[in-house]
Every structure is written in C-alpha cells, then in structure tokens.
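Number of protein chains: 2
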Amino acid sequence: MRDIAVIGIGMMKWGELWEKSIRDLAVEASLNCLADAGIDRVDTISIGCMSGGIFNGQEHLASMIPDYLGMKNTPAMRVESACASGGLAVRTAFLEIASGMSDYALAVGVEKMTDVSGGEATDGLATAADQDYEAFNGINFPGLYALMAKAHMHRYGTTREQMADVAVKNHRNGNLNPLAQFPGLMTREQVMNSVMVADPLRLMDCSPITDGAAAVLLTTVEEAKRLKKHPLVVISGIGLASDTIQLCQRKDILKCPAIELAGQKALKMAGKTIRDINFAEIHDCFTISEIMIMEELGIVERGQGGPATSAGHTALDGKFPINTSGGLKSKGHPVGATGVAQIYEVVTQLRGTAGKRQLKNAKVGMTQNMGGSGGSCVIHILEAKS
Amino acid sequence: MRDIAVIGIGMMKWGELWEKSIRDLAVEASLNCLADAGIDRVDTISIGCMSGGIFNGQEHLASMIPDYLGMKNTPAMRVESACASGGLAVRTAFLEIASGMSDYALAVGVEKMTDVSGGEATDGLATAADQDYEAFNGINFPGLYALMAKAHMHRYGTTREQMADVAVKNHRNGNLNPLAQFPGLMTREQVMNSVMVADPLRLMDCSPITDGAAAVLLTTVEEAKRLKKHPLVVISGIGLASDTIQLCQRKDILKCPAIELAGQKALKMAGKTIRDINFAEIHDCFTISEIMIMEELGIVERGQGGPATSAGHTALDGKFPINTSGGLKSKGHPVGATGVAQIYEVVTQLRGTAGKRQLKNAKVGMTQNMGGSGGSCVIHILEAKS
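Protein chains in written order, with our numbering: chain X, 1046 to 1431; chain R, 1046 to 1431.
Simulated from the structure, these hints should not be mistaken for lab results.
Careful: at least some of the hints might be erroneous.
Since copy identity is lost for identical chains, a pair holds within one copy or between any two.
Unchecked claim - Calculated cross-link-like contacts (lysine to aspartate or glutamate; reagent style DMTMM-like; alpha-carbon spacing at most 25 Å): (1) 1310 to 1088; (2) 1296 to 1064; (3) 1364 to 1206; (4) 1065 to 1234; (5) 1296 to 1069; (6) 1408 to 1321; (7) 1317 to 1362; (8) 1058 to 1165; (9) 1058 to 1305.
Note that the coordinates shown come from a computational prediction; the quantities given were computed from them, not determined experimentally.
Work out the full structure, taking the sequences as your base and the hints as a guide.
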C-alpha cells in the first residue's frame, strides 16, 4: 500500500449561509483547498454528503461537483454514512491513491441544511436512525443521546456540570477559530440554563444546524515531498467500523463497539497506542458524546470523561486537548462536512498554523467521526513528519 | 495493484415487492451471493443506493445493512452516483481489495422504489438532474431523453421502429430470465402504440420503477483460485468518468463524454479494444439510451445504433449481443441495484450458466452503468479465465 499525505486543506466560515447553495459550498471549499495546495491536479473526487436528497432535492453530486468545480469528466463519487460521511470521503480518497488508481484525490464534505426548516432538518437527520423502528416511533437524535446521557449519569455519576463543561471548553476553543459558526464564549450556567431539548440535554448541549463544506487534497508521500509547499503531514492510520443501527440493540447502551474497533484498527495500522496520540478532534454532536467517545477510545478510563473535562485535561493547555477547532458544538455541524473539517483542523495543528489555538506539542493527531447513535465510525491518525 | 475476481453473485426476482423492505432486499441478495460463493467472509461492504432518503426515509445503510446481514461491526459505506450507484459500489469494492485494505469485499446494490407513488418516484429520480436548473423548471428524465431521441431522429434518421426494436429485443431476452420484472414478450406495434410519455418516447420505451437488489463478492485472483468453486471470472478493466449534470451544457446533445471516457479507461486498463468485447450489459433506461450508448462506446458507428438493432446485430444470436439479461427495460431498474445486476449477468454468461439465454461465445463482457442524463458513467470489463 502506498503512503499517503495531505497536501491541501480548504474551508470557509460556517453558519447559516443563505446566499450559498450546496454546489457553491462544495466548490468554494475545494478551490480554497487547491489554492492551499498550490496545485490543481485532481484525478478523482470523493464527496461526503449525508442527504442532499432530503435537504436540497439534489442527489448525483458526483456529477454536479466536478462540473461546477470546472473539472467535468473527472471521476467522482459521493459517499454516505450519515454524519460520518465526511470521514468516509477522506478514507475513499485514501483508497483511490493507495490502490494506485489515482495519484491526486480530492475529498470534499458538504451539507446545506438550512434550505429546510429546523424541524425538517431534525427529521432529515433522523433518517440516520432506524426509520422503521426508531424514527417512525418518534425518537430522534436528541432523544437517543439523552438516553445515553441519563444512563451515564446513573452508572458513573457524571454530572450536569461536567456535561456543560464540554460545551464551555469547545466554545472557548471555537472562540479562537475564525471559521466557527458560534464562536461566542459560554459559561457553565448559560449551558445549564438553556432551554431543555431532551432531558437532560439542553440546547447548549446540542451541536447546531449548519451550512458548510471542507476539502482536503491527498497524494502520495513521494509526490508531497517533491512539492514541499507545506510541512509534511501523513495519514498513518485509518479505521472504519459499523454497529447496530438501533441503539436498543446494543449489548450496553454506554458502549459503542464501532468507535472502539475503528480506533483499534487505526492505531494498529499506524503502529501506535492511544498514549502516542497528542490531541484529537472527536464527534461531539452532543456534550455527552464527547465524554463517551473519550472513554471508548481509552483516552480516559470509563466514567472519567466528565471529571477529566472539568479538570481541564482536554483543554488547549491540558494533557490531551480535544476539539481544538471548537468541535461540532461551536464550529458547527454541516453533517457531511464534519469529518473532512476534522482533518482540516488536525492538519492545521500539525503544520503549526493554528494561530491563537495552536498546541505546543502537536506531532500526532486523531480524528473520530461518527454516524447515527454510533452505527458507524471512521477514525484517522495523522502525523507531522520532518 | 492486486488482480481481482468475482467469486459470488446474488439477486432475487425483481418487481413490485410490497412485502419486502429496503433492508430485506439488500440482505436477501447478499445472502444469495454468499451462498453462491460458498463462503461468508466479508471484510468490507459497499452499498450502492441512489436515494434511500427520498424513497424510504432511510439513510445510513452503511450501518443498517451489515447489521441486518448479521455482520455488524463490518466496515461499510454507501456510495451514490444516481443510477450509476451500483457500478460505483462494485468499483469501491474493487478499490478496497486493490489497495490491500480488504481481502473480501461485498458490493450490494439496492433500491426500494414503490414505497412512494409513481409520481413521487419520478420526482425522486429527477434529483439526479440539476434541481435548480432542470428539475425545478419541470423537466424530468423522460423529458431529457425525449430531447435526445428527437435530435437523434433528426440528425441520423433514427426511426420510431428502430427504437421500438430495442424494447422488443430486450423483452425477448428478459423472457428467458427468471428474475426479470417484466418478462412478457412485446411486439414493435405494442411498443409504438403504448401511451405517450414524452414525445417521441412512449411507456414501452421507458424502464420501469422497480424494487430489487443484487450483490457480488470480490476477492483477489489468488484467493479465487484457491477456492475454485466457480470458473474464474476476473475484473480486468474499470473506468469512471463524470460530465456536466445539465444536458443543455453539453457541447453536443448527442455526445456523452462520460461514457466515451469511462469506456476508454476501462479498455486501456484491460489492454483491449471494443472489438475484443463479446457482449455487454448497457444502461437502457430508455430505448434511445441503448442506441446512443452503443454508438458512444464504438460498438457501431454514429447513427448506426438503430439500424444495427433492427438488423438483429445486438440480439442473443447477433454479432454483439446487448442486454442478454433483458436490460433495465425488461429486467427492471431499481436504480441503485442496476449496476451490480449488470455484473451479475455478465458473470453468469462468463460462467456459462445463463440457461436459455446463454451466449455461445462469452469470454469477455462489459457493463456500462450511467447516472442522470449521462452526468456520470461506470464501466467494467470482465473476463473468463481458465
């Protein structure tokens, strides 16, 4: 298998981007990425998007995006695994190059969610759950994650304050990210007094509905060394796994085997343990998710996600910084774009160009991108190489 | 790049399968495929589906299908390029193995289209066109292909009779395929007297709305030789290309560069010319499509698709048999499944197990699967190896 590097990254400020269509977003992020790479060779394009069909009445992005990018005829595919679609797009670009089918592969993640109402967006997102057995019966994602939160509080003594501290920390990081949708600072009290969505989760425990896109350009390490535009960043590990789509089918509502397995695979491929990872972007679709994922990946012991957060261990200056970008919570969560934007942030940190939120020790980073209530998970490990 | 073989194929009789859900269909085809392969090792699953979101309110098949297949935790992805989603799923499975990431890759294509009304299905399919500039303004696929048909009749003198003969031939083949949705024989007059859909295309020029699934299992040639359950069938060439999503943006409404480019790539990879191909399954979503695709691939000269059809050159006993399965027209067109079912048919012919529709000279076959009005195209070349 060929060794793969990330040589370009592109995004835009995320938000409610009324004046931009899904095609505009994908094209803008891609052009920013190619400008960053200083090259416009693209052999193949993989597009991560959860539901252009439901949100925009637009499937067939594999034709539309190369076309509007001025690269018609370029081989392209759209990939989807709900909110893990972006991570999947990066993995697909990786496969294209690893197999020798392509030398330069662009991965772009995009979602334009505000073409429909907030209620319709929540219903659209619920198609990532089991339609026949979950969504049809009235439970959607805030409800599913609320069940996990209640169980976590009951079993481990996780507190409302600890969950709020995830949001406070992520908004503190997002405040330093000029591309974040909601960069405003937030206090623990503000989170805990925000409107109730699904007990115990309140509005400020939930990631927002967002329009946005992100893109990364991959090539072989050999080509990257020849180009030398940026410090070398390689993808050393990838893990992908699935699990039951229904939360109620899990053996343990607080264990998420897709995350554990994807993490093990990625670490094995990279020849590392979790102790070798310096920082991570993880899928904080709800505050409780960040706590559970930290535990599932072995960053902390089971039940210690809440206390570790409140102790500052996952802050920018903590032992293991998490979501330096602001995460889904503050940066925003245009679902198909999120997994690609996680790579954007890790590469930015590994290059040492993260500005005010730059970590001191950023050599090895991880991204963890997840679909549904943990029905699928994609994990990447990236390393700065000198 | 590793050499890849097809070691298992699975389908079911297609039709209006009211009693089966999208998950049932995907699982049934997959289990049939694994039974055919005589093995149940699956390292990864790629799922081709155009729009589970619109047709079934169900995204995240990458979690649901492995789960219901009894293979939860298996890495999976859903891929989409409108009606070319099935071909893309096979190509993705190929990449998985070619890259060394997996050794056994299952590709399953599925679409459950009768959960919505016929009008809603046509609207859903129109999301493969440009929503903002084509679909929104009222043109859908029968209309787009009718424009091409009119232009083809005008430029090349293609006749209504010749188009009807495509349907007559495909129903004659489908009549020999126990899995076809509409195996009934049809006369030229019946096609030409069927109800008008979009002038000059009548109902019997159009592929139907179908529920169905198909699956294929790939592994390395080395593994296939070790297993030896079936005659060896290898995938020797793959081509993927895109083009403008809007028909009106083409330089020539009768040329489809995505087909031409994908064909050239696949032939180059296989080290062949179109003269080396014995037969093909091609994307006859409308009768005019089969005529245009034959010409675009160079099977016949431009303008000769109609006359060649009426002369019987593409019949079972013709010089270059096309759509021995009955094609989309008679076998049915569950959009995400079609590209995988094309592989099913070619493998069946190459194995020599096609029964009454078995070709005498089937050594090298081609599949051509297309999205939208030609905005994307995936082509595979398969060969029987002794």
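Status of each hint after checking the structure:
no.	hint	result
1	1310 to 1088	between (28 Å within a copy, 13 Å between copies)
2	1296 to 1064	neither (45 Å within a copy, 30 Å between copies)
3	1364 to 1206	within (21 Å within a copy, 76 Å between copies)
4	1065 to 1234	neither (35 Å within a copy, 50 Å between copies)
5	1296 to 1069	between (43 Å within a copy, 23 Å between copies)
6	1408 to 1321	within (9 Å within a copy, 53 Å between copies)
7	1317 to 1362	within (23 Å within a copy, 60 Å between copies)
8	1058 to 1165	within (24 Å within a copy, 36 Å between copies)
9	1058 to 1305	neither (32 Å within a copy, 39 Å between copies)
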